[in-house]
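Trainee: Top to bottom, those sequences are chains A and B. At position 86 of the first sequence the residue is numbered 86 (this note's numbering), and the sequence of numbers has no breaks. At position 87 of the second sequence the residue is numbered 87 (this note's numbering), and the sequence of numbers has no breaks.
By construction, these hints were calculated from the structure, which means they are not laboratory data. For every residue, glycine included, the Cβ atom is placed at its ideal position computed from N, Cα and C. Any given hint could turn out to be false.
[As the list claims (entries may be wrong)] Listed below are several chain B residues computed to face chain A (Cβ distance under 10 Å; list not exhaustive):
#, residue
1, 115
2, 124
3, 126
4, 127
5, 130
6, 132
7, 169
8, 220
9, 239
10, 244
11, 247
12, 251
13, 254
14, 260
15, 261
16, 265
[What the hints assert, rightly or not] Simulated restraints on C-beta separations:
#, chain 1, residue 1, chain 2, residue 2, range
17, B, 54, A, 137, 52 to 62 Å
18, A, 137, B, 118, 56 to 66 Å
19, B, 167, A, 109, 34 to 44 Å
20, A, 64, B, 139, 18 to 28 Å
Next come the chains, spelled out residue by residue.
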Amino acid sequence: MRMFATIAKLLVKRVLTAIPILLVVSALLFCILRILPVDPAAMSLPPNATVQEIEAMRSEMGLDRPLYEQYGIWLNQLLHGNIGRSIHFRQDVTALIGNTLPATIELAVIAMMVATVFGIAGGLFLFYVRGTRMEAVMDFFSILLLSLPEFLWSLFLLLVFGVFFEVLPFTGRLSPGFERPVVTGFLLLDSLITGNISSLINALQHMILPCLALGIALSPSLMRVLRSSLLDAYQDDYIHQARLRGLSEKRILVRHGLKNAILPTLSLMGVQFGFLFGGTLLVEIIYSYPGMGNLMVDAIRNADLPIIQGAGLTYCIAVLVISIVVDSLYLILNPKLRVR
Amino acid sequence: MRPLPLWLKSGRVQTGLVIIFILGICAIFAPYLAPNDPNEQNLLAILTPPAWADGGDLMFPLGTDSLGRCVLSRLIFGARVALTVAFTASVGAMIIGATLAHIAGYFGGWIDWLIGRVVEIWLSFPPVILSLILMVGLGTGLRNVVVAIILVDWTRFCRVLRSEVIVLRRRDYVSAAQLVGFSHWRTITREILPGTLPLLITLMSLEMGVAVIVEAILSFVGMSVGSETPAWGQMIADARQNIYEAPFNLIAPILAIFFAVFGFNILGDGLRRTLDTRLTQTERT
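For reference, chain A alone in the conformation it holds in the complex:
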């Protein structure tokens, strides 16, 4: 019970600090994009519009008012769930983001799982070979891996498994001809709910390469942190104690070493997963995956300010949510922080 209270307290505190952060971020976004030398009013009208029409549009959009007033109007609209209309797609930004966000979340969540599995397995392996000749080799190998960011992995995997061996699909979320069930917007979940197994399998096949690319790119830093946390944990007396008690090495590793070493790894994961969420942007473009990243880049190419603002803010919220979730997990796993 006490744990729930502590976690609830943390959640309230974190959400309260997140509000000013979001306010500043939204103000920054608003200002950066207002320096742009494009006129949103002229852009949302047909090219043959007269100067008077553009002026009328400007005042209708509030562009003739001072900047802080414009920001106030925008913020007020934002709080009512209205981020504006896309200039290019002529649709509500909320709807556009609502259509693409689930795809990105699915991608990020599965990629995180891949990264966690690779990171923990790799970290344990790096720790296992400590002091042997393999260590130098593996260490070198992990720097090699660190030098390949997710977008190079995406291209590399696409080339090998998509183009040379042609074993996996690499564009979009579903092959043509597959039915796309819509319930929640999360494709994997929806095909599971509707029992559409062939769509589910096809969607999963489409996700293998992008998720592997993101997961593999993220795992080397996790491996290295886990390894050094394990090394630190093994300096402590309780490991020695456990050995004296005659516990098996495996039990010492899992019950004592890993249990303590997982905490620093977890707090790094919070930061890394935030980065991963941004990294989906490149991976989405490379695999023509219809998520927020593609929406964002389309918007940038068309100087579509409402979408850039809306999507930018959504990415920020996602990062904050991820970090709050990771912090709560940290609290659940770390008894030192609970008792106070």
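Place chain B on chain A using the hints.
Mentor: Using the frame of chain A, we list chain B on its own:
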């Protein structure tokens, strides 16, 4: 002859320096090394394979792209953008990040709180997204790429260095300097900076690798230098259109980026091991 300093003896540092040296030569002497003009289009010879493959042309050792431009020449000229961005952006990010870190760590109090909050706000943006948004605001061009990377990545320096400064500030020799009546400026530059320097140099080397990646990402989405300047990310974007006809065009810039980033990373790792005594001590035990 004086013996080599310890850090130069490290194999990792040497590997890194050799790689960066090779790239530096490519960048500086690009006009002499490149077999062709990187922007010259040969519409009669588009997408030719590398010279060793069937149908390859010795004129174009690594083949040509979709506009018949020489891949090798573009690769060599691309090193210019990559290295310029790597060096200038990392120096800029270091100056801003290190200055704020020293101020925050040394003085503490409200200024530390303020800088801490700014870093927190910055970290709530995924770096790729923030740099893209900045590029939208700033407009394309080499200078703006550098500015965008500096504005995104100074937090990397600030966060890590600040905690280092806090550790050093509590040392006796810093208190001694303050008692003797050193000004704050003198205490920071003479007493604290020498202590944070190894970490600072290591971070800079790693940041150069990050800058190469970010520039490649930005030019991949067409938000970096203009199309008249060859850049590795652009080459990837171009090659992706013809992935079946000319897969090698995609492999070449990928390898170039990897080579550069690996050089900076292995240099950084070597420096971390040899310069940062605190880390090596824990590793030795």
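Trainee: Go through the hint on residue 115/B and say holds or violated, using the shortest Cβ distance to chain A against 10 Å.
Mentor: violated (14 Å)
Trainee: For the hint on residue 260/B, just tell me whether its beta-carbon gets within less than 10 Å of chain A.
Mentor: holds (9 Å)
Trainee: Closer than 10 Å between Cβ atoms is the bar; does residue 127/B clear it against chain A? Give me holds or violated.
Mentor: holds (6 Å)
Trainee: Classify the hint on residue 169/B as holds or violated, based on whether any CB of chain A lies nearer than 10 Å to its CB.
Mentor: violated (24 Å)
Trainee: With chain A as the partner, please determine if residue 220/B meets the hint condition of a C-beta pair closer than 10 Å.
Mentor: holds (7 Å)
Trainee: A range of 52 to 62 Å was offered for this pair. Does it hold for the Cβ distance of residue 54/B and residue 137/A?
Mentor: Violated, since residue 54/B and residue 137/A (Cβ atoms, about 37 Å apart) do not stay within the stated range.
Trainee: Using the nearest Cβ pair, does residue 130/B come within less than 10 Å of chain A?
Mentor: holds (8 Å)
Trainee: Return the status of the interface hint for residue 239/B: holds when the least beta-carbon distance to chain A is below 10 Å, violated otherwise.
Mentor: holds (9 Å)
Trainee: Taking 10 Å as the limit, does the beta-carbon of residue 126/B come near enough to a beta-carbon in chain A?
Mentor: holds (2 Å)
Trainee: Take a look at whether the Cβ-Cβ distance between residue 64/A and residue 139/B falls inside 18 to 28 Å.
Mentor: Distance hint for residue 64/A, residue 139/B holds at roughly 24 Å.
Trainee: Is the interface hint satisfied for residue 124/B? The criterion is a beta-carbon contact with chain A at less than 10 Å.
Mentor: Status holds, d = 5 Å.
Trainee: Classify the hint on residue 251/B as holds or violated, based on whether any CB of chain A lies nearer than 10 Å to its CB.
Mentor: holds (7 Å)
Hint violations for this structure: numbers 1, 7, 17, 18, all remaining hints satisfied.
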